[in-house]
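Enquirer: Line by line, the protein sequences give chains A and B. Under numbering that gives the first Met the number 0, think of the first position of the first sequence as 0, with each following residue one higher. Under numbering that gives the first Met the number 0, think of the first position of the second sequence as 0, with each following residue one higher.
Take these hints with a grain of salt, some might be off.
Each computed PhoX-like pair below joins lysine-lysine, with the alpha-carbon atoms no more than 25 Å apart [to be verified]:
no.	chain 1	residue 1	chain 2	residue 2
1	A	68	B	85
2	A	127	B	85
3	A	208	A	220
4	B	85	A	220
Quick list of simulated restraints, FRET-style, between CB atoms [stated by the list, open to error]:
no.	chain 1	residue 1	chain 2	residue 2	range
5	B	44	A	124	52 to 58 Å
6	B	242	A	124	29 to 35 Å
7	A	53	B	93	18 to 24 Å
8	B	244	A	236	45 to 51 Å
9	B	232	A	53	25 to 31 Å
10	A	108	B	93	21 to 27 Å
11	A	4	B	161	40 to 46 Å
12	B	107	A	68	31 to 37 Å
13	B	18	A	111	27 to 33 Å
14	A	162	B	161	30 to 36 Å
15	B	244	A	111	41 to 47 Å
16	A	148	B	121	53 to 59 Å
17	B	244	A	104	24 to 30 Å
Worth flagging that the hints you see were computed from the coordinates, not collected in a lab. Remember, predicted model here, so these are calculated numbers, not experimental data. Glycine residues also receive a C-beta, built at the ideal position from the N, C-alpha and C atoms.
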Amino acid sequence: MTAISVRGLRKFYGPLEAVRGIDFEVAVGEVFGLLGPNGAGKTTTVEILEGYRRRDGGEVEVLGFDPGKAERGFRERIGVVLQSSELWPSLTVREVHSIFAGYYREPRDVDGTIDLVGLGHNRDARVKTLSGGQKRRLDLGIALVGDPELIFLDEPTTGFDPTARRNAWELVRSLRGLGKTVLLTTHYLDEAQQLADRVAVLVAGEIVKLGRPSELIASAKAEIRYRRDGELVVLETEEPTRALHELTAAALAEGRELEGIEVRRATLEDVYLELVDGEPV
Amino acid sequence: MRIFLHQLRSEQLIFWRNRESAGFIFVFPLMLFLLLGSLYGDETTDEGYVAIELLLAGMLGYGAANTGFAGMAITLVIRREYGILKRIRSTPLPAFSYFAAALASTLLVFALQALVLLGLGRLLYGTSLPERPLSLAFLVVFGAAAFAGMGIGTASLIRSAEGSSAVVNFILLPMAFLSGSFGGRDYPTVLEAIANVLPLKYFVDLLRDVYLDHESVWSNPGALAVVAGWGLGGALLGARRFGWEPRER
Chain A
0 MTAISVRGLR KFYGPLEAVR GIDFEVAVGE VFGLLGPNGA GKTTTVEILE
50 GYRRRDGGEV EVLGFDPGKA ERGFRERIGV VLQSSELWPS LTVREVHSIF
100 AGYYREPRDV DGTIDLVGLG HNRDARVKTL SGGQKRRLDL GIALVGDPEL
150 IFLDEPTTGF DPTARRNAWE LVRSLRGLGK TVLLTTHYLD EAQQLADRVA
200 VLVAGEIVKL GRPSELIASA KAEIRYRRDG ELVVLETEEP TRALHELTAA
250 ALAEGRELEG IEVRRATLED VYLELVDGEP V
Chain B
0 MRIFLHQLRS EQLIFWRNRE SAGFIFVFPL MLFLLLGSLY GDETTDEGYV
50 AIELLLAGML GYGAANTGFA GMAITLVIRR EYGILKRIRS TPLPAFSYFA
100 AALASTLLVF ALQALVLLGL GRLLYGTSLP ERPLSLAFLV VFGAAAFAGM
150 GIGTASLIRS AEGSSAVVNF ILLPMAFLSG SFGGRDYPTV LEAIANVLPL
200 KYFVDLLRDV YLDHESVWSN PGALAVVAGW GLGGALLGAR RFGWEPRER
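With the rest of the complex left out, here is chain A (with noise of 0.2 Å):
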């Protein structure tokens, strides 16, 4: 089952095109991340996909609908976590839940979403007294309690510290446990090694890369790298183990020591830096 699928989408903003003919899918119950530096593409084909912005060309589908239609039934069924945005600082929580809850004809229960996203002991409290990390959750809270099957995280925990990221992924852990499909697009590696099933890397308005996060570091070299008469040597290889053999084999025939070698398994980062070479990250 499709939840989204992308044809040869493209976008233009004046002349520049910000968006290059892209194609993916995104399974249902999938989580599914839009890596990317800044400037690449990714809010805008997000925003094309929750509605917000006519695509110049291609085929979007999303949930079955065109969500360049905006129809009421679509976005019944999305709901959206936008990179910045601020909520009635006088209202409390609870009040800004079922505010939105509202707007749905099934809504999840308020009480219960405000635990699920962790602001249970926040409940009657001023949005104007919510830390940072509090706000991102109410943002999630209020893209939840209309029970939506897609939920779309745009950069959800740009600018914060180590901790709340964590917890933060640990909330976008629990919607897969929801059996929600998520889009989330973020310019962190980390993030999208340890919360998307599968990547795009997006770099200048194209897809560069698609993948498991683990097939991408796979496709990626290996790093050999040791001390010859004092001078550092890297051995980028696709063979790891037969350029070793080899080295190692040369280096005992002529009777001396490699200096510091070790063996380098690339990273995410390494295959992200190699893809968006000279692109600002």
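Please arrange chain B on chain A, whose structure you already have, making use of the hints.
Expert: Chain B alone, transformed into the frame defined by chain A:
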């Protein structure tokens, strides 16, 4: 209908909970009436009106412009710039229900304010009760709606939340003075010429006709048309130029 009532309830909760909006929009005109009212005795103006009743008619006009125009414009700009409008737009709440509820909420607030103004005038200064309550009630609703239309149009022209209150009052306060909201309007010809194109002047005229001269609201169709025209013009400008997304990032 259910979603409209839900949104109307929400708007009322948001309005009364927020000290700035409840204070500036609801309480401020009442305070102004009490302050200015204490300056007037029971003297009669040259036109033969009781001065305090002339002030009351003007304050009803200022109240309509303050609640409808200033309230609507500032609320919309702040919600737009905070991302609240964008957030709401992703929900199933129809845009029509949103605006209908915002308008209904404005009418409710101003209707209550008009009642309190009339009551305060009666209790403290002995002003008379309206002899044409239906015509006056119609004017209250009509005026608040027309000024709300202008507020929507103005919101589409304001770029930042910080500046919204200043811009709106820069328009509202001079207009209120020139239109005779705070009493007389014997201004030099130039200023009078400016007042003659402003909607509030015609709305105050209508209030004077109905409250002071006990005429029917339909006795001055020209003034009704001017106020309605400004309201429709504002609403149309808003419909063309209004955006749900923050302008400043």
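Enquirer: All hints are to be evaluated individually against the structure, with a verdict given for each.
Expert: A quick look at each hint next to the structure:
no., hint, in the structure
1, 68(A) x 85(B), "holds, 16 Å"
2, 127(A) x 85(B), "holds, 20 Å"
3, 208(A) x 220(A), "holds, 15 Å"
4, 85(B) x 220(A), "violated, 44 Å"
5, 44(B) x 124(A): 52 to 58 Å, "holds, 54 Å"
6, 242(B) x 124(A): 29 to 35 Å, "holds, 32 Å"
7, 53(A) x 93(B): 18 to 24 Å, "holds, 19 Å"
8, 244(B) x 236(A): 45 to 51 Å, "holds, 49 Å"
9, 232(B) x 53(A): 25 to 31 Å, "holds, 28 Å"
10, 108(A) x 93(B): 21 to 27 Å, "holds, 24 Å"
11, 4(A) x 161(B): 40 to 46 Å, "holds, 42 Å"
12, 107(B) x 68(A): 31 to 37 Å, "holds, 34 Å"
13, 18(B) x 111(A): 27 to 33 Å, "holds, 31 Å"
14, 162(A) x 161(B): 30 to 36 Å, "holds, 33 Å"
15, 244(B) x 111(A): 41 to 47 Å, "violated, 31 Å"
16, 148(A) x 121(B): 53 to 59 Å, "holds, 58 Å"
17, 244(B) x 104(A): 24 to 30 Å, "holds, 26 Å"
Checked against the numbered hints given earlier, the structure breaks hints 4 and 15 and satisfies all the rest.
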